[in-house]
Amino acid sequence: MNKFLLILFFVMFVNTSLLSEDNFEKGLRIAKESYESTRGYVDSESDQMMILVDPKGNEVIREISGKTLENDDPNDGDKSIIFFNKPKDVEGTVMLSHTHVNDDDDQWLYLPALGRVKRISSSNKSGSFMGSEIAFEDFSGNDYRKYEWEFIGEEEYEGEICYKLVSIPKYKNSGYTKRIGFTDKLLRPRMIEYFDRKGELLKTLYFEDYQLYNDKIWNADTFRVVNHQNKNKTIYKWVNRELNVGINKKDFEKSSLLRLAD
Amino acid sequence: MIYIKILNFALIVTFIFSFNVNALEYKLYGLVQPEFSIFTNGDGKHHQSKNNYSFFTKGNFISYLDERDAKITISAIARYDEKDSERRYIDFQKLKYEQYFENYTFKIGNEIIFWGVNESFNIIDIINQSNLAEDMTGTKKLGQPLLSLAYDNNYGTIDLYLMPYFIERKFPSKNGRPRLALEVDQNSITYESSAKEQKLDFALRYSMVYDDYDIGIAHFHGNNRAPQLNINPSTLKFNPHYTTLSQTSLDIQATKGAWLYKLEALSAKDGNERHLGVAGGFEYTFYGIRDSQSDLGLVIEYSFDDRNSYPFNNDSVAALRWTKNDINSTSLLAGMFIDMRGNSNRFIAEYEQRINNNIKLFIDATFNGSIDSQDFTYAFEEDSVFSIKLARYF
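Chains as they are written, first to last, in our numbering: chain A, 1 to 262; chain B, 1 to 394.
For reference, chain A alone in the conformation it holds in the complex (with noise of 0.2 Å):
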């Protein structure tokens, strides 16, 4: 009979607790689970290209290799190593970063011509990454513990119903007021739409070419920009991705840096 009344108890307890769920906690919960299902990659490797297009058509080509280790530290960020090879005037630079999750990251470049490893400013998370359509803080964009989360519904995107969700940053150093996107049923991100300071539209970011990793993980083998101010387009694509490489920790510490570099 206890535990009949036990039973009972705990079936109301978990019903209410999942109907009084607003669209607050509902929102926040698919973050959190669209996140953790990208998690668990323990390190991963990859050469990046980006294309850079202006409203003209002109085409500029970015090229980059990058390593990034995941923290096992669930209250902190991820740590990351970008070689920079094209434009050839930057061949040889190295950057490495420390990011934190509500927090300024560590960041230390490595600059050839000077033979020099200099600790920079990592405050400007807003600012755009090689001149694309793409700022640093969007990279780390699917991190739930990053935006106050509210879902607004669902809707069909591209021929799924997808969940609709609002994000607003809590960094205070955002260029972003809110983001406004689409997460399918797998818990992928789908599209992202990006306000301004101002409250304005700024620019869309299509999340295509997923591939599903190691069994486990689907990752956007592209980003596609498009900005709706200034009508430049950038198309960031991941080639020969590996996730779960078995590099060494120690590759993420600026004592490395000057190992790595050229």
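It is worth saying that the hints were derived from the structure and are not from the lab.
You may find that some hints are simply not true.
[Stated by the list, open to error] Here are some, though not all, of the chain B residues that point toward chain A, as calculated from beta-carbon distances under 7 Å: (1) 29; (2) 112; (3) 209; (4) 257; (5) 285.
All values reported here derive from a predicted model rather than from experimental measurement.
We put the CB at the ideal spot given by N, CA and C, even for glycine.
Fit chain B to the given chain A structure using the hints.
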């Protein structure tokens, strides 16, 4: 010199051997750069010439061995200059073999090692010799032959350097512009140390990152990189004399959001005299000015030294750096150097932008204001100059 020969031989043998490895993993890149300068004060103080052309090239070859646990790097620069014979040279900035172990790195060969945090007054940077024929401010360096061992753990990195051969400071020739008041006689070099250029110099550095702070503590003992320049009354040339220097230094950078705070300090015994130097300042960046992608950075630095003879004994610099953050990486640096003791001042501007994926344009300007006749830069008071450089990368 024998050290250099053995070193070069060993490296070339290793290099050739590395080609026998089946799948040689390597990178090759560099640049060629024609340059043209126009001086705005006619022929100047030393009756040099109103304009000058020059040609600069740099090549980098990096070969990875042993599944990237070892590496060979060759990085060479060369210049041809129309007027200045001292600006016709080749220098192996890097010509080194490195081997990596779990916590150790071993290195042999020519290398460029930078110490410090400042933008302008790099007073503690001592491993490499300055190439004044390239740049009178001393920021351009020559490769230093060395053996080094680095050890790192969670508490930081310790670097040990042994430098078996000394590289003399390079000065502009009589026809170079700018140049010193007198020609430097590179055939009349003297040393405090009886071992002269074969003195075994050594250096030790401990560096660490603690939260927002990057900290380095270092000691150097060896031939001073900066010679005393004594006038030889019979030739009316400068004779360089290299004293023995023991220098202990500290460098700290604090990174606090858009603020960078920088400090370099040293205490050194040069010959029989001890001196103290402190240089530092801050850098602040305004991001996204006027709702654009542009950034505007402000740099202010000050340098103090208790020697009267030291050029930057009471000097400051204030500079603005504008970066457009556009596709062409357009940027402009404009700054003012002020000697607070002699009231000398100098204005510099550096503009750069990419023309396409492989070509970049640089326009530099230096304007000398009033310069005190006691200041060593008085010799180039009339050398205000515009330079255009076009780099083609490969």
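Against chain A, run the beta carbon of residue 112(B) and see if the smallest gap drops under 7 Å. holds, 4 Å
Per the CB criterion, is residue 257(B) less than 7 Å away from chain A? Interface hint status for residue 257(B): holds (4 Å vs cutoff 7 Å).
Go through the hint on residue 209(B) and say holds or violated, using the shortest Cβ distance to chain A against 7 Å. Where the cut-off is 7 Å and the nearest Cβ of chain A is about 5 Å from residue 209(B), the hint holds.
Should the hint that residue 29(B) touches chain A count as held when the rule is a Cβ pair under 7 Å? Hint holds; residue 29(B) Cβ to chain A Cβ min 5 Å, cut 7 Å.
Status of the hint placing residue 285(B) at chain A (closest C-beta pair under 7 Å): Residue 285(B) check passes; min Cβ-Cβ to chain A is 6 Å, inside 7 Å.
The structure meets every hint from the earlier list without exception.
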